[in-house]
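2 protein chains.
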Amino acid sequence: MEPRLSMITLGVDDLERTKAFYQNVIGWVPEPTPPEIAFFDLGGVVFSLYPHHAMADDMGVHTSKNEMPAYQGFALAYNARSKEEVDAIFARLKEHGASIRKQPEDVFWGGYSGYFADPDGHMWEVAYNPHWRVREDGRILMKAND
Amino acid sequence: MEPRLSMITLGVDDLERTKAFYQNVIGWVPEPTPPEIAFFDLGGVVFSLYPHHAMADDMGVHTSKNEMPAYQGFALAYNARSKEEVDAIFARLKEHGASIRKQPEDVFWGGYSGYFADPDGHMWEVAYNPHWRVREDGRILMKAND
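Respectively, the protein sequence lines represent chains A and B. Counting with this note's numbering, you get residues 1 to 146 for the letters of the first sequence. Counting with this note's numbering, you get residues 1 to 146 for the letters of the second sequence.
Keep in mind that the hints were calculated from the coordinates and are not lab data. Honestly, I wouldn't trust all of these hints.
Short, incomplete list of chain A residues facing chain B, as computed with Cβ under 7 Å [as the list claims (entries may be wrong)]:
# : residue
1 : I8
2 : T9
3 : I26
4 : E31
5 : P35
6 : Q72
7 : F74
Now the stretches of chain B that chain A is said to cover, found in silico as 3 or more residues with beta-carbon under 8 Å [to be verified]:
#  : segment
8  : 8-21
9  : 32-45
10 : 74-83
Each residue gets a CB set at the ideal place from its N, CA and C atoms; glycine is no exception.
Make the full structure from the sequences, and use the hints.
See the structure below:
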C-alpha cells in the first residue's frame, strides 16, 4: 500500500445533526451527495459521515450505539498555524455551544492543545505544534529541514 | 477551521506490535520518533499510533481496553487505483496472516471493496471506487470533471 490515507468515515447517530455541526460550527462545505451520506473534501482526504447501523452493516459487524464508550479508540487532529488560531477556534466552538472537552493549554510535548467532541462524541484535537510546519496547502511537513 | 485533516491517532494496546504491523505487513516506513509513539507520513497527513491509556489520559477521559467494542465508530479507507490492486493487497494481507474481515467484493455503490482489521481491531476498507480519481500524489479527486 502506498503511504496515503484516502478517507475517514465517522459513524453517526443522526446524520443531519452531525452534518449541520461540521457545516455550521466548523465551517466546512459539504459535497453534493445523496441524503444517506455526507462527504467533505479535506484537501484530497475525504471526510465522511455515515449512520452507525449502515456502517456496521457495511463492515459485516454488529453493534448498537449504546455500546459506544465515550472514548472510541482514536482521535482526529487539526493543526493550527498559531496559538492564536487555536484560541480563535475554541472561542467559536464556545459561541456555538459545542462540547469542549479540554480547554487549550501548553502541553508536555511543547505544543498548545485542546479537545472538543462532535455531536456523536468523536474527539478532535486542535493544536499548535511548533515542531511541524503547516504548508500553504494545509498538509503537514514533519521534517523541519525539508 | 480550514478544510483539512492534519493527523489521525489510533489507540493501541501494544505499540511495538502495531507499529510492526504497519511497517512489515502494510509496508509503510515510520518516521524517527521516541519509543512512546509512532508516526507515518501519509502524504502530509500524519498517521499516529499511541497507547490507549496515554491517549485517554491526554484527552482527560477514562477507559480500559476491555471497554472497546469490535466496532469503534469509525473506519479508515485506502482507495486503490484498480480492482487488481485491491486483490493484490488482500493477497499480501492473507500471506501475512492479517485479520481479513470482509473479502473484497462488488458493492452496491458501484465499487469493489473489502475490510481488514489491524492488531487492535481498527478497521480499514480497501476499495476501488470508479467514481473518484486517485491523483498521482495519492490524494483523492471527487469531482470527475476537475
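So which of the earlier hints does this model not fit? Number 5 only.
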